[in-house]
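Undergrad: Turn these sequences into a full structure, and let the hints steer you where they fit.
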Amino acid sequence: MNDLVTDKLHQAAAEDAMSRELAIVNKKGLHARATAKFVQCCEKFDAVITVSRGDETVGGSSIMGILTLGASQGTTIAVTATGPQAKAALDALET
Numbered sequence: 003m004n005d006l007v008t009d010k011l012h013q014a015a016a017e018d019a020m021s022r023e024l025a026i027v028n029k030k031g032l033h034a035r036a037t038a039k040f041v042q043c044c045e046k047f048d049a050v051i052t053v054s055r056g057d058e059t060v061g062g063s064s065i066m067g068i069l070t071l072g073a074s075q076g077t078t079i080a081v082t083a084t085g086p087q088a089k090a091a092l093d094a095l096e097t
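Residue numbering for the sequence shown follows my numbering, starting at 3 and increasing by one per position.
Because the hints were derived from the structure by calculation, they are not lab data. A portion of the hints provided could be inaccurate.
What the hints assert, rightly or not - Below are the DSBU-like pairs computed for lysine-lysine, each with C-alpha atoms no more than 35 Å apart in a straight line:
| id | residue 1 | residue 2 |
| --- | --- | --- |
| 1 | Lys30 | Lys89 |
| 2 | Lys89 | Lys39 |
| 3 | Lys46 | Lys89 |
| 4 | Lys30 | Lys46 |
| 5 | Lys46 | Lys29 |
| 6 | Lys89 | Lys29 |
| 7 | Lys29 | Lys39 |
As the list claims (entries may be wrong) - Per label pair, the in silico range of CB-to-CB distance:
| id | residue 1 | residue 2 | range |
| --- | --- | --- | --- |
| 8 | Thr97 | Ile65 | 17 to 23 Å |
| 9 | Pro86 | His33 | 26 to 32 Å |
| 10 | Ala80 | Glu45 | 18 to 24 Å |
Where is the CB? At the ideal position from N, CA and C, for every residue including glycine.
TA: Following this line, the structure appears as structure tokens:
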């Protein structure tokens with residue numbers, strides 16, 4: 003694929019992206035068990051999901067990546083999804 007085609011694909015993906023800001027309310031934050039459940043939820047959908055805190059962004063299917071964000075209680079994370087089931091994925095992750 004040439005660079006122009008790759009750039010167009012990235013632009014289209016960015017335009018179709020949906021995002022939500024989620025507050026971490028668990029007393030222990032986004033710890034290992036909660037992160038594993040988050041990842042399992044992400045994997046149920048036909049969507050590419052990323053999680054961001056500050057300047058750091060990781061894949062929604064990476065337990066270790068999400069843990070490195072250090073999302074403690076009261077932290078807000080940004081969850082972004084693209085793909086056919088992006089909205090359904092975000093709805094499920096929000097609950």
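Undergrad: If I claimed the Cβ atoms of Thr97 and Ile65 lie 17 to 23 Å apart, would that claim hold in this structure?
TA: Holds - the Cβ-Cβ distance for Thr97 and Ile65, about 20 Å, lies within 17 to 23 Å.
Undergrad: For the pair supplied as a hint, Lys46 and Lys29, is the alpha-carbon distance within the 35 Å limit?
TA: holds, 26 Å
Undergrad: Given the hint that Lys30 pairs with Lys46, test it: the Cα-Cα distance must not exceed 35 Å.
TA: The given pair, whose Cα atoms are some 25 Å apart, holds under the 35 Å limit.
Undergrad: Within 26 to 32 Å: is that where the Cβ-Cβ distance between Pro86 and His33 falls?
TA: holds, 31 Å
Undergrad: Does Lys89 lie within 35 Å of Lys30 when you go C-alpha to C-alpha?
TA: holds, 27 Å
Undergrad: At the C-beta level, are Ala80 and Glu45 separated by a distance inside 18 to 24 Å?
TA: Given about 19 Å between the Cβ atoms, the range holds.
Undergrad: Given the proposed pairing of Lys89 with Lys29, does the C-alpha separation stay at or below 35 Å?
TA: holds, 27 Å
Undergrad: Is Lys89 close enough to Lys39, meaning Cα to Cα at most 35 Å?
TA: holds, 18 Å
Undergrad: Quick one, are Lys29 and Lys39 close enough, alpha carbons at most 35 Å?
TA: holds, 16 Å
Undergrad: Between Lys46 and Lys89, is the straight-line Cα distance small enough, at 35 Å or below?
TA: Roughly 13 Å between the alpha carbons, so the hint for Lys46 and Lys89 holds.
Comparing the model with each numbered hint stated earlier shows that all of them hold.
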